[in-house]
Amino acid sequence: MNVTEAAAARGKSRHLPGEVGLWIFVLGDMLIFSLFFCVFLFYRAHDVATFSASQATLNMNLGALNTLLLLTSSWFVVLGVEATRRKMKSIAEKMFPLAFLCGVGFGVVKFFEYGEKISKGVTLTTNDFYMYYYIFTGIHFLHVLIGMGVLLFLWSKARRGAFEAGDVQTFESGGAYWHMVDLLWIVLFPLLYLVK
Amino acid sequence: MNMMSLINSKVTYVWCFLAVLTGVSWVLGDGYDPGTAEGYRYVTIALLVLAFFKTRLVIMYFMEVLNAPLPLRGIFEGWVIVVCGILITLYLTGGAPFV
Chain A
186 MNVTEAAAAR GKSRHLPGEV GLWIFVLGDM LIFSLFFCVF LFYRAHDVAT
236 FSASQATLNM NLGALNTLLL LTSSWFVVLG VEATRRKMKS IAEKMFPLAF
286 LCGVGFGVVK FFEYGEKISK GVTLTTNDFY MYYYIFTGIH FLHVLIGMGV
336 LLFLWSKARR GAFEAGDVQT FESGGAYWHM VDLLWIVLFP LLYLVK
Chain B
22 MNMMSLINSK VTYVWCFLAV LTGVSWVLGD GYDPGTAEGY RYVTIALLVL
72 AFFKTRLVIM YFMEVLNAPL PLRGIFEGWV IVVCGILITL YLTGGAPFV
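Residue numbers (the working numbering), protein chains in the order written: chain A, 186 to 381; chain B, 22 to 120.
No lab work stands behind these hints: they were computed from the structure. Hints should not be assumed to be uniformly reliable.
Simulated pairs of lysine-lysine, BS3-like, Cα-Cα distance not exceeding 27 Å [what the hints assert, rightly or not]:
{"#": "1", "chain 1": "B", "residue 1": "Lys31", "chain 2": "A", "residue 2": "Lys381"}
{"#": "2", "chain 1": "A", "residue 1": "Lys279", "chain 2": "A", "residue 2": "Lys342"}
{"#": "3", "chain 1": "B", "residue 1": "Lys31", "chain 2": "A", "residue 2": "Lys274"}
{"#": "4", "chain 1": "A", "residue 1": "Lys381", "chain 2": "A", "residue 2": "Lys302"}
Partial list, computed: chain B residues near chain A (C-beta under 8 Å) [claimed, not checked]:
{"#": "5", "residue": "Val32"}
{"#": "6", "residue": "Val45"}
{"#": "7", "residue": "Tyr53"}
{"#": "8", "residue": "Gly95"}
{"#": "9", "residue": "Gly106"}
Think of the CB as a built atom: it goes at the ideal place given N, C-alpha and C, for glycine as much as any other residue.
Input sequences plus hints: build the corresponding full structure.
Pasting the structure below:
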């Protein structure tokens, strides 16, 4: 049972992790991606044959591998944030680089995935499916890159042992952003790769 | 306090569960052949429900919204149900699955 669970169990207080502004940003971003998800299925419904044939060319194993990489990185971040609350510097300064490495892994997989498609002449303009595939996964990948920058920042804070209340809030905010990146991929993966 | 006390927590079990659910989606979406177009529709609906169940686990346990102020938790609970519902509806308006 961690600190917040313990507080909730006692029924004394509810805790908002991170800053209010961060949650507004996260909700806004999730709303935009929700529209992406809807747009994809709306246009898929108009041309199921093309979408299904194009989807069959995607490598599901790589999509699933990337899901596992982001889930694992999220777990490292949860442990890292909890370590900062407990002022466990030696652990906190290991967790954020481990999460960052998972992000690197995600990028490497994406590099090979895009490379394989582009080498076969499949681009943004091939058809509607690939247009959405490149745009949505591209915008998501941009979020991953920003998140990796955030993880490096949190790593530097952890190495300095900056674990006061205000610092912990920064760790929580950065963590919440990274988890959002994870959960958006959790929906993108079945939508693009698995929906029949 | 050591590393084990940190790892031996609910979030680690949630992470394991999420990994297992990803494996289930993988098998269901890639290897499993229900045989009929109708069967594939059910598989797809199951995949979408599974995905949003996973997002809820991430939101509640990783982002710690479970113990966040109730209005914020309500917004996220609503997001999971509403977006999942809209996507299933949009999916069902499409033609028969091409398998």
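Hint check:
1. Lys31(B) - Lys381(A): Since the Cα atoms of lysine 31(B) and lysine 381(A) sit roughly 34 Å apart, the hinted pair is violated (cutoff 27 Å).
2. Lys279(A) - Lys342(A): With a Cα-Cα distance of about 12 Å, the restraint between lysine 279(A) and lysine 342(A) holds, given a limit of 27 Å.
3. Lys31(B) - Lys274(A): Holds. Lysine 31(B) to lysine 274(A) sits at ~21 Å (cutoff 27 Å).
4. Lys381(A) - Lys302(A): 21 Å, holds
5. Val32: It holds, given that the least Cβ distance between valine 32(B) and chain A is near 5 Å, below 8 Å.
6. Val45: 11 Å, violated
7. Tyr53: This interface hint is violated because 10 Å lies over the 8 Å limit.
8. Gly95: Violated, because the Cβ-Cβ distance from glycine 95(B) to chain A comes to roughly 12 Å (cut-off 8 Å).
9. Gly106: 11 Å, violated
Comparing the model with each earlier hint shows violations of hints 1, 6, 7, 8 and 9; every other hint is respected.
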